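S.K.: As given, the protein sequences belong to chains A and B, one line each in that order.
Under the working numbering, the first sequence has 126 at position 126, and the numbering climbs by one with no breaks.
Under the working numbering, the second sequence has 107 at position 107, and the numbering climbs by one with no breaks.
One should not assume that every hint holds.
[Said to hold, decoys possible] For lysine to any residue, the following SDA-like pairs were computed, each having C-alpha atoms within a straight-line distance of at most 25 Å:
(1) A:Lys345 to B:Lys308
(2) A:Lys341 to B:Thr66
(3) B:Lys311 to B:Gly400
(4) A:Lys345 to B:Val116
(5) A:Lys44 to B:Lys373
(6) A:Lys159 to A:Gln122
(7) A:Lys159 to A:Lys201
(8) A:Lys341 to B:Gln245
(9) A:Lys266 to B:Met549
(10) B:Lys308 to B:Ser207
(11) A:Lys243 to B:Glu364
(12) A:Lys266 to B:Thr53
(13) A:Lys316 to A:Tyr126
(14) A:Lys159 to A:Lys242
(15) A:Lys117 to A:Thr329
(16) A:Lys243 to B:Met549
(17) A:Lys345 to B:Phe65
Think of the hints as simulated: they come from the structure by calculation, not from any bench.
Source: prediction; values computed, not measured.
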Amino acid sequence: MEKKNRGMVLITLTVLLLFVMLPLAFAETTFDPKLVEAAKKEGKVSLYNSGSREAGDTLLKAFKEKFGISGEQYRATSNKILTKVMEEIKANNIYCDVVTTGSPNVLQLQLKGLLQKLNVEQAKHYPKTQKTDYYVNVTGIGLFIMYNKDLVPENEAPKEWKDLLNPKWKGKIAMPDWTASTSPMIVYKMLRDVYGTEFLKNAGEQDFVVHKAHGAAANAVATGECAISFEMLSDRIAVQVKKGAPVGYSVPSPTTFNPRQIGIPKGAPHPNAARLLIEFVLSPEGQKMYNLGYWLYSFRPGITYPKEMYPFDKIKVYDFTPEMWIKFTEELPSLIEEATKFWRKK
Amino acid sequence: MDRISTSEKFFNLLKQINLGTVIQTSVALLVLFLVLYPVGWLWLGSLRTDPFTPDYTLTWYVKIFTDEVLWQRLTNTLFITVGTGLMCLILGVPMAWIVARTDTPLRRRFELVAVVPFMTAPLIGAIAWINLAAPRTGLLNLIYRQLFDPSLRYGPFNVYSLWGIIFCLGLYYSPYVFLFTSGALRSMDPALEEASRVSGHGIFRTSFKITLPLVYPAITSGVLLAMVFAAGQFAIPALLGTPAQISVMTTTIYELMNRWPINRSLAAAIGNLLVFFTFLLLYIRGKLLARGAFTTVTGKGYRPDVIKLGKWKYLTLSICILYSIVVFVLPMFALAYGSLVKFWSVKISLSRLTFWNYTYLFTEHSLTYVALKNSLLLALFGATVCVLISSVISFMVHRGKSPWRHTLEYIAMMPVGVPGVVFAVGILLGWIRPPLALYGTLGILFVGYISRFLPVGVRATSSSLVQVHPELEESARVAGTTWGGTLLRITLPLIKPGVQAGWMTLFIIFLREFGVSLFLYSPGNEVVSIMLYEFWEDGDMMRASAMSMVLIAITLISIYGMRRLTGTDVSSITTG
C-alpha cells in the first residue's frame with residue numbers, strides 16, 4: 001500500500017473508532033431496574049456523611065433528580081458518625097442507610113460484624129485494594145499542608161512534613177482535633193512509620209492550635225488566625241480556594257490519602273435505596289460529581305481530573321495496604337493516647 | 001355483708017374520682033416520669049460497666065478522681081465556675097446599683113440592655129466573641145493593632161483562653177446578679193442608709209458600708225445561680241476552649257459520648273458529679289435565703305430615695321454606656337459584619353460586604369428551612385404543653401392538700417440543677433431503646449425540652465399563683481364549680497400575666513436550645529442551634545454569624561409580637 005493511502009486508511013479507521021467509542025464514553029451507567037424499582041418503593045434514604053455537607057447535598061440532589069428518591073443527610077465528624085451508627089445498632093433503632101466516613105471507621109463497623117454485604121455492580125470497577133465485600137473506598141482525600149498566602153510567602157511555605165518542626169511556626173499551626181477525626185491519626189501513623197516517634201514528640205513542642213474539625217482548622221488558616229495547617233484535607237482546601245481566600249498548599253512527599261469508605265449498616269431501614277445510592281456514587285457520573293468538584297480523588301480507574309486539581313499521578317503515596325488498615329484499626333486507641341500525650345498542651 | 005361493704009367502698013371511691021383528680025394524678029405521674037426516668041438512667045448508667053449491662057461497679061467514680069486528665073478538667077470547671085461568679089459580681093452589682101438607686105440619665109434604658117444576653121444564646125455569644133477577640137483576626141485585635149501597635153501580630157485580646165471563657169460566661173450570666181440585686185435594692189428599708197447619711201457619711205461610703213451588706217443575700221443568691229449555670233454550660237467552653245485545648249466537665253461528657261471508644265458510663269458518672277456540685281450550690285443558696293437574711297427587704301413596699309450623684313452621674317453614665325457597648329453593641333456589630341463578608345480576613349474593607357451568606361442560607365443550604373421549621377414547632381408546642389403542665393403542678397402545690405405536693409414541686413424543680421448536656425445523656429439512655437424508642441424522631445427533642453425546662457414554667461406560674469388569694473377560687477368551688485372549671489375560669493385568668501411570661505420565656509429558650517438538642521437530634525430533626533454548631537465545626541463563622549442574625553431577628557419579632565398581643569413586659573422574660 002502506498003504511504004499516502006496508508007495514512008488515509010489510518011485516519012478513516014481512527015474516525016470510525018471514535019464514532020464507535022464516543023457513544024460508549026458518554027453512555028450513562030445503567031442500573032438494575034429491579035433494584036431501582038425496590039428502592040423507589042422504599043422512597044427515601046438516609047446518608048451519614050463525614051464529608052462536607054455541600055458534597056452530600058449535591059449527591060442527594062442528583063440522586064433525587066435521577067431516581068425520584070429523596071435523601072436526608074446527617075453530617076458530623078468521622079468518629080461521631082461511628083459512635084452514632086453503633087449506638088443505633090446496639091439499641092436496635094437504626095436510622096442510617098448509608099454510612100460514609102474517613103478510614104478506618106467503616107472498616108471498624110465491618111470488623112465488628114455491623115455491616116451488610118454490599119453486592120453492588122459498580123464495585124467491580126474498583127481495584128481489590130480499595131474494597132472488601134462490605135465497603136468500597138468511594139473517595140481518596142488528599143492529605144496536604146495548607147498555608148495562608150498573606151502571612152507566608154510561597155517560597156517560605158512548608159513543603160515537607162519536617163518543615164513543620166521549624167520553631168518559627170510555634171503557636172501558628174492549626175490542628176484538627178485528632179480525637180474527633182481520623183485523618184490526623186492517619187498522618188500520625190504514616191509519620192511514625194517514616195520518621196519515628198521522636199519526630200512526633202518534637203512536633204508537640206509546636207503548641208498546636210486545635211480545632212474541632214478540618215473545616216474549622218482550614219478556616220483558621222484562611223482567615224489568618226493560624227499561618228499553616230498540620231495536615232489538611234484536599235476538599236477543605238478547595239472550599240477556601242473557591243471562596244477566594246488567600247490560601248496555598250503543598251503536597252509533601254510522601255503523603256497519603258484518607259480513603260472515605262462507604263457501606264450499609266446491618267438493619268438499615270431502606271437497604272435497596274442504600275444500595276442504589278452506592279451504585280450511583282460509584283458510577284463514573286457519581287464519582288465526577290461527588291469527588292472532582294471538591295478536589296477529591298477517585299480510586300475508579302479512568303477518571304480524568306480537572307486542571308485545577310493537583311495531578312493524581314504526581315502524588316508520592318505512602319500506601320496503606322488492606323492488612324495495614326486492619327492493624328491501624330486495632331492500634332488506633334493506643335495511637336490516639338500516644339498523640340494526646342505528645343501533643344496535649346503542657 | 002363484707003362483700004357489700006367492699007363494693008360500697010369501691011363505689012364511693014369511684015364517686016370521688018372526678019376529672020380534676022384524673023388530670024392531677026396524670027400530670028403528677030407524667031412529671032415524675034419525665035424527670036425521674038432520665039435521672040434514674042444517669043445513676044444506673046454510672047454504676048454499671050456499660051449502661052445496658054447489669055454489671056455493677058464504682059470504677060468510673062474512682063477514675064474521675066484518679067485520672068490526671070479528668071482531674072485537670074475538674075479543676076478547670078471549678079476555676080471557670082468561681083471566675084464566672086466573680087465576673088458576674090463585678091458586672092452585675094454596680095449596674096444594679098446605678099440603675100436601681102441613682103439618678104443616672106437613661107437608667108431605665110440600660111435596664112433593658114442588662115437583660116439583652118437573655119434574648120440571645122451562649123452559643124451565639126461565643127460566635128460573636130470569636131469574631132471580636134480571636135487572637136489574630138478578631139476585630140478588636142485588628143483595630144487595636146492598626147491604631148496602636150502595627151508591629152504586633154497577635155492579641156492583645158485572646159478569647160481562646162480560660163479568661164476568655166470566664167469573660168463570656170460572665171457577660172451571659174451577669175443579668176442574674178443584676179436582676180436579683182436591683183430587685184432587692186428597690187425594696188429595701190432605707191432607714192439605715194438615712195442614718196448613715198445623717199451621720200455625715202458620703203454616697204459611696206454609705207453604699208459600700210450599709211447598702212451592699214444589706215442586700216448581700218440577694219447578691220449571693222444571684223452569684224450562686226450564675227455559678228450553677230456556668231458549671232453546666234457547654235457551648236461557650238466548647239467553642240472558646242477547643243483551640244487552647246481547655247476542656248471542662250461538660251465538654252468531656254460530649255467527647256465521651258461521641259468519640260471512639262464511647263464511654264457512656266463515665267459520661268454519666270461525670271454528669272452525676274456535676275449534678276452533685278450544682279445541687280450543693282443550690283443548697284447553699286437555699287440555706288442563705290431561708291436564714292431570713294432579707295429582714296431589711298420586707299414586703300412593706302418601701303421605696304428608697306433615688307441618690308443624686310451630682311457630677312458623678314457622668315461617671316456612672318459612662319460605665320453604663322461601656323457596659324452596653326460590651327454586652328450589646330460589639331457582639332451585634334461583630335455578628336452583622338461577619339454575616340456580610342464572604343470570608344474573614346485580616347484586611348477589613350467595606351467593599352467586601354455582600355449578602356452572599358444569607359443568599360446561600362435561604363437558597364442553597366439543605367438544612368435552613370428544616371431547622372427553622374423544627375425549632376419553631378418545638379418552641380410553639382413545647383412552650384404551650386410545658387406551661388399547661390406547669391400550671392397544673394403549681395395549682396396542685398399551692399392550692400392542693402396532698403401531703404405529697406411539696407415532693408412533687410421538688411421533683412419538678414430538680415432539672416434546674418441538672419445541666420442540659422447531663423440531662424440529655426439521661427434522656428438518650430432512657431429513650432433510645434424499645435419500648436420507649438423515641439430516638440430518631442422530633443418527639444425525643446420535645447420530651448427533652450419539656451423535662452429539662454419544666455422548672456422555668458413552674459416558677460413562672462407559681463410566682464403568679466402565690467400572689468393571688470385563694471378566696472375567689474374557694475367561692476367558685478362553694479358555688480359548685482368543678483376543679484377544671486375553677487382552674488379555667490378563675491385561676492388561669494388571674495395568673496394570665498405569669499403564664500404569658502412563662503410561655504414567652506420557654507418559647508425563646510426552646511427556639512435556641514442547644515445542650516439537649518446536640519445529643520438528641522437525628523437526620524431530619526435538626527434545629528437552628530445544631531446548624532450553628534455545624535457551621536462552627538466546619539469553621540464557617542460567616543454563615544454561623546448570618547444564621548445567628550436570623551435567630552436573633554426571629555426572637556425579637558416574637559417578643560415584639562407577644563408584647564403587642566398580650567402586653568407581656570420584656571423584663572418579665574428571664575431564662576431558667
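S.K.: Decide, hint by hint, whether the structure agrees.
M.R.: Each hint, compared with the structure:
A C-alpha spacing of about 52 Å is found between lysine 345 (chain A) and lysine 308 (chain B), which places the hinted pair above 25 Å, so the restraint is violated. At most 25 Å may separate the alpha-carbon atoms for a hinted pair to count; lysine 341 (chain A) and threonine 66 (chain B) meet this at roughly 17 Å. For the given pair, lysine 311 (chain B) sits about 55 Å from glycine 400 (chain B) by alpha-carbon distance, which is inconsistent with the 25 Å threshold. About 36 Å separates the Cα atoms of lysine 345 (chain A) and valine 116 (chain B), which puts this hinted pair outside 25 Å; it is violated.
Proposed proximity of lysine 44 (chain A) and lysine 373 (chain B) is supported: the alpha carbons are some 20 Å apart, at most 25 Å. Distance check on the hinted pair: lysine 159 (chain A) and glutamine 122 (chain A) sit about 37 Å apart at the alpha-carbon level, beyond 25 Å; violated. In summary, the hint linking lysine 159 (chain A) to lysine 201 (chain A) is supported, as the alpha carbons are separated by about 20 Å, within the 25 Å threshold. Of the supplied pair hints, the one linking lysine 341 (chain A) and glutamine 245 (chain B) holds, its CA atoms being roughly 13 Å apart against a limit of 25 Å.
Distance hint between lysine 266 (chain A) and methionine 549 (chain B) is unfulfilled; the C-alpha atoms sit about 42 Å from each other, more than 25 Å. Straight-line distance between C-alpha atoms of lysine 308 (chain B) and serine 207 (chain B) comes to about 13 Å, which keeps the hinted pair within the 25 Å bound. Restraint check for lysine 243 (chain A) and glutamate 364 (chain B): the C-alpha separation of about 15 Å stays at or below 25 Å, so the hint holds. In summary, the hint linking lysine 266 (chain A) to threonine 53 (chain B) is supported, as the alpha carbons are separated by about 22 Å, within the 25 Å threshold.
Restraint check for lysine 316 (chain A) and tyrosine 126 (chain A): the C-alpha separation of about 20 Å stays at or below 25 Å, so the hint holds. Distance restraint check for lysine 159 (chain A) and lysine 242 (chain A): the Cα-Cα separation of roughly 22 Å lies within the 25 Å cut-off, and the hinted pair is therefore satisfied. Of the pairs offered as hints, the one joining lysine 117 (chain A) and threonine 329 (chain A) holds, with about 20 Å between alpha carbons and a cut-off of 25 Å not exceeded. The hinted pair formed by lysine 243 (chain A) and methionine 549 (chain B) meets the criterion: a straight-line CA distance of about 21 Å does not exceed 25 Å.
At roughly 21 Å between alpha-carbon atoms, lysine 345 (chain A) and phenylalanine 65 (chain B) fall within 25 Å of each other, so this suggested pair holds.
Violated hints for the displayed structure, listed by number in ascending order: 1, 3, 4, 6 and 9.
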